[in-house]
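Heads up: the sequence lines are chains A and B, in that order. Take any residue in the first sequence, note its place counting from 1, add 14, and you have its number in my numbering. Take any residue in the second sequence, note its place counting from 1, add 249, and you have its number in my numbering.
Each hint should be verified, as a subset may be incorrect.
Result set (DMTMM-like, lysine to aspartate or glutamate): computed pairs, CA atoms no more than 25 Å apart in a straight line [said to hold, decoys possible]:
id: 1; chain 1: A; residue 1: K75; chain 2: A; residue 2: E17
id: 2; chain 1: A; residue 1: K150; chain 2: A; residue 2: E140
id: 3; chain 1: B; residue 1: K556; chain 2: B; residue 2: E601
id: 4; chain 1: A; residue 1: K216; chain 2: A; residue 2: D229
id: 5; chain 1: A; residue 1: K75; chain 2: B; residue 2: D474
id: 6; chain 1: A; residue 1: K216; chain 2: A; residue 2: E154
id: 7; chain 1: B; residue 1: K284; chain 2: A; residue 2: D110
id: 8; chain 1: A; residue 1: K75; chain 2: B; residue 2: E601
id: 9; chain 1: B; residue 1: K458; chain 2: A; residue 2: E154
id: 10; chain 1: B; residue 1: K458; chain 2: A; residue 2: D110
id: 11; chain 1: A; residue 1: K216; chain 2: B; residue 2: D472
id: 12; chain 1: A; residue 1: K150; chain 2: B; residue 2: D525
id: 13; chain 1: A; residue 1: K75; chain 2: A; residue 2: D110
id: 14; chain 1: A; residue 1: K75; chain 2: A; residue 2: D41
id: 15; chain 1: B; residue 1: K458; chain 2: B; residue 2: D435
id: 16; chain 1: B; residue 1: K458; chain 2: B; residue 2: D525
Note that these hints are calculated values from the structure, not bench results.
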Amino acid sequence: MTEADVVLRAVGVHVAFGGLRAVDNVDLEVRRGELLAIVGPNGAGKTTLFNVLAGALRPTKGSVLLDGEDITRQPSHRRAKAGISRTFQHVRPFLDETVLRNVAVAALANGHRRAAADTRAAELLERVGLGGRLGKRAGELGLGERKRLELARALALEPKVLLLDEVMAGLNPVEVQRIGELLQEIRRVTSVNIVLIEHLLKVVHTLADRVVVLDAGAVLVEGTPAAVFRDERVIEAYLGRKYAAS
Amino acid sequence: MTSSSTGKPDTSTGKPGTVPVQARPGRSGLNRTVKLVAGALLALVIVWIAAAGSNHLLGLATVALMFGAISGAWAMAGGLGGLFSLGHAAFFGIGAYTTAFLFAGHGVSPWLGMVAGVVLAAVFGACTTWLSVRFRVRGSYFALVTLAWAEMLRVIVSNVTPLGRSNGILVPYKAEPTFADLQFSDPRAYYALAVLYAVVVTVIFMVVKRTRFGWRLSAVRGDEDAAAASGVDVRRVLVAVMALSAAVTAAGGTLYVQYMQFIDPELAFSPTVSIDIAIRAVIGGPMVALGPLAGSGAMTTMTEWLKMSVSDSPAMNVLLFGVAVILAGRYFRNGLAGIGASALQWIGRRKERHDGS
Ligand SMILES: Nc1ncnc2c1ncn2[C@@H]1O[C@H](COP(=O)(O)OP(=O)(O)OP(=O)(O)O)[C@@H](O)[C@H]1O
Ligand SMILES: [Mg+2]
């Protein structure tokens, strides 16, 4: 693994909220072409780590590198333009705007003019299955549609890395299936790298090339899905509780 | 496409095409009609007042137009940008004082005074907003901070001797004013100027709303974090819109002081002025280009009517507008403009049902 194979890298990232160590000395690399899943129990620090990668949060310590360039001090909007785009765990569409505008405004970041941004947005919305909803207010969409809207908005930035924070949470099996297929299609037709925070282990199994398990802010294990889910520490820290509950 | 030059992966599959018609929001025929009708009505009233020949009416209308337009400038920040300012008197006062000081004290043409005031106000608006955004001061706190800035200016100006302290500045009236003096012997000239100013402000508002800047602005208004994640420089957008709003407001300050030929710290900077500016837009509809002008007309009309029929006490006025603002905030978020639009939509639906059966 040479440095050129790593698109996004986090080095020794710490985030403390008061006395709480939400992220504790995490090293992470996103390799070119892979789909990386991040799993871990509630409160493990997954979203906080995303916020650091996307620039929404400054780490207390450590740094973030995109294609080898230190971007730790870059604000969110610069990173969005540089190629890191993200969706929010709790979806945040622009509720009063139309579906089309929600995505078109992100397409402006590529220097598109309005007409081109609209066209680009319409294409992406078509692809995520919202082609018939362009003129609707985003506030009128259901949760599944909002998640796909955010996906289209993130894609409109033409990212190098797509950070997806639980895009399937709260959806019914049909919608989950649909987003899974969508992600596979995106990988097929583009070279975007996807990092996926996901609770559904089945999804992780089928989609991910590599898995990183976070627990209490630190990396517990990483490896292929098969290897990781067989690891005793993982079963104990995370799966054990889940399996016991079900 | 830009993707090849920046080395970013191309995420497109489809060919570029045209966006379906339904995708274009806010272009429905009904909406258009509402705007046209409102615009035509407003134009009619404006012409009628000019033709009516009453100087009293003309004076009221001149001030209503000036303040309506200033309120339109406010709405760029307060409506489109979601930055609810209660300190626009600061920009108004900067415009008025800069002009009056340069003209009365140094004989500088008010047109140049206007330029100076516009620049000063823009810088002041940009700096104060930068600070608020930097320290994440928003919502009611933002409003209070803007109020405090304007109060600060009021206190400072009240204590600066070259600015006349609390006595203010009397603008000398030239016996035979030229255009360069921005003074006129015919009151209709001021009225025409106010109309022109209102038109310019309305056009700027519409341009702001429709351009890419406006798209970014409404994203920021909707959700700052999501906007930032979509590549929008939130701080820059907010600072820019306030600078613009301040600049346009200051130009109104110039016109006002040349018309009234007097300014003092109360008239320029008091919270009453800030509230007056904000209220006209809130009542009329701060998201619509003609909203603030309509609100201003309604407010001036109401004030005059109250003066004549109920009482001369300003308390009555305050009370009534308090109620109006509460109603607007609770039920008519888009003010008079919103009421007009819903009414027409209602009529449209009824007609549809009627035609259908
Ligand atoms: N802004 C904040 N201020 C204080 N504490 C926070 C903040 N954000 C997160 N935390 C805390 O940091 C820890 C990690 O939270 P985080 O949201 O990153 O977890 P997560 O792994 O995404 O969990 P989940 O699976 O529930 O989404 C939690 O204990 C959380 O309460
Ligand atoms: Mg989370």
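Hint-by-hint comparison with the structure:
Restraint check for K75/A and E17/A: satisfied, since their Cα atoms lie roughly 22 Å apart, inside the 25 Å limit. Note on K150/A and E140/A: the hinted pairing holds, with a Cα-Cα distance of about 14 Å set against a maximum of 25 Å. Under the criterion of a C-alpha separation no larger than 25 Å, the hint pairing K556/B with E601/B is inconsistent with the structure, at around 43 Å. As the CA atoms of K216/A and D229/A are separated by approximately 19 Å, the hinted pair is consistent with the 25 Å bound.
Straight-line distance between C-alpha atoms of K75/A and D474/B comes to about 22 Å, which keeps the hinted pair within the 25 Å bound. Between K216/A and E154/A the CA atoms are separated by roughly 30 Å; this puts the pair beyond 25 Å, and the hint is violated. Between K284/B and D110/A, the direct Cα distance comes to roughly 20 Å. Compliance with the 25 Å bound is thereby established for this hinted pair. Between K75/A and E601/B, the direct Cα distance comes to roughly 63 Å. Violation of the 25 Å bound is thereby established for this hinted pair.
Taking the CA atoms of K458/B and E154/A, the gap is near 23 Å; set against the 25 Å cutoff, the hint holds. Note on K458/B and D110/A: the hinted pairing holds, with a Cα-Cα distance of about 14 Å set against a maximum of 25 Å. For the given pair, K216/A sits about 33 Å from D472/B by alpha-carbon distance, which is inconsistent with the 25 Å threshold. Restraint check for K150/A and D525/B: not satisfied, since their Cα atoms lie roughly 36 Å apart, outside the 25 Å limit.
At roughly 38 Å between alpha-carbon atoms, K75/A and D110/A are farther apart than 25 Å, so this suggested pair is violated. The suggested pairing of K75/A with D41/A holds, with an alpha-carbon distance near 12 Å, which does not exceed 25 Å. Between K458/B and D435/B the alpha-carbon distance is near 36 Å, which puts this suggested pair outside the 25 Å criterion. Taking the CA atoms of K458/B and D525/B, the gap is about 23 Å. The hint holds against a cut of 25 Å.
Hint check: violations occur at hints 3, 6, 8, 11, 12, 13 and 15; the rest are consistent with the structure.
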